[in-house]
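*Asks:* Sequence:
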Amino acid sequence: MADFARAVSFVQQHTMLFTSTLSDARQLEYYAHYKQAVHGRPVGDAPSIFDPRGRAKFRAWEKLGGLSADRAKHIYVEMLTADFPFWQKRV
1 MADFARAVSF
11 VQQHTMLFTS
21 TLSDARQLEY
31 YAHYKQAVHG
41 RPVGDAPSIF
51 DPRGRAKFRA
61 WEKLGGLSAD
71 RAKHIYVEML
81 TADFPFWQKR
91 V
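Okay, so the sequence shown: first residue is 1 according to this note's numbering, each after it adds one.
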């Protein structure tokens with residue numbers, strides 16, 4: 001899915017815009033959908049309670065369950081389009 005690759009590129013190139021505009025919860029949604037799209041379901045145990053950021057990321061990803069890679073990519077692009085409607089003009 002070419003749109004997914006372009007969307008990921010946009011996020012990587014505009015990290016400051018992304019992190020300064022979106023809530024932590026929304027950023028976790030992006031992270032989870034990216035990981036699901038690229039790696040599938042999470043494997044192993046959640047990070048330690050002494051790593052709250054890693055644990056939150058793992059839990060967000062884990063919540064997606066058996067969501068297919070194609071669906072995760074589609075949702076990622078939809079979220080980006082909703083949050084940054086101009087993104088396709090900047091990649």
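I should point out that these hints are in silico values taken from the structure, not numbers from a laboratory.
We put the CB at the ideal spot given by N, CA and C, even for glycine.
Heads up, a few of these hints could be off.
Using 16 Å as the maximum straight-line C-alpha spacing, the simulated EDC-like pairs for lysine to aspartate or glutamate come out as follows [stated by the list, open to error]:
id: 1; residue 1: 35; residue 2: 83
id: 2; residue 1: 35; residue 2: 62
id: 3; residue 1: 89; residue 2: 3
id: 4; residue 1: 57; residue 2: 29
id: 5; residue 1: 63; residue 2: 45
id: 6; residue 1: 57; residue 2: 45
id: 7; residue 1: 89; residue 2: 62
id: 8; residue 1: 57; residue 2: 3
If you anchor each label on the Cβ, the simulated ranges turn out as follows [said to hold, decoys possible]:
id: 9; residue 1: 12; residue 2: 53; range: 26 to 36 Å
id: 10; residue 1: 90; residue 2: 43; range: 15 to 25 Å
id: 11; residue 1: 85; residue 2: 47; range: 26 to 36 Å
*Asks:* Now, for every hint given, state plainly whether the structure supports it.
*Replies:* Right, here's what the structure says about each hint:
Our distance criterion of 16 Å between C-alpha atoms is broken by residue 35 and residue 83, whose separation comes to about 19 Å. Our distance criterion of 16 Å between C-alpha atoms is met by residue 35 and residue 62, whose separation comes to about 10 Å. Between residue 89 and residue 3 the alpha-carbon distance is near 12 Å, which keeps this suggested pair within the 16 Å criterion. The straight-line distance between the Cα atoms of residue 57 and residue 29 is roughly 9 Å, inside the 16 Å bound, and the hint therefore holds.
At roughly 14 Å between alpha-carbon atoms, residue 63 and residue 45 fall within 16 Å of each other, so this suggested pair holds. At most 16 Å may separate the alpha-carbon atoms for a hinted pair to count; residue 57 and residue 45 meet this at roughly 12 Å. Restraint check for residue 89 and residue 62: the C-alpha separation of about 32 Å exceeds 16 Å, so the hint is violated. As the CA atoms of residue 57 and residue 3 are separated by approximately 24 Å, the hinted pair breaks the 16 Å bound.
In this structure, residue 12 and residue 53 break the distance hint of 26 to 36 Å, their C-beta atoms being roughly 19 Å apart. For residue 90 and residue 43, the Cβ-Cβ distance of about 34 Å falls outside the hinted range of 15 to 25 Å, so the restraint is violated. A hinted range of 26 to 36 Å holds for the C-beta pair residue 85 and residue 47, which are about 34 Å apart.
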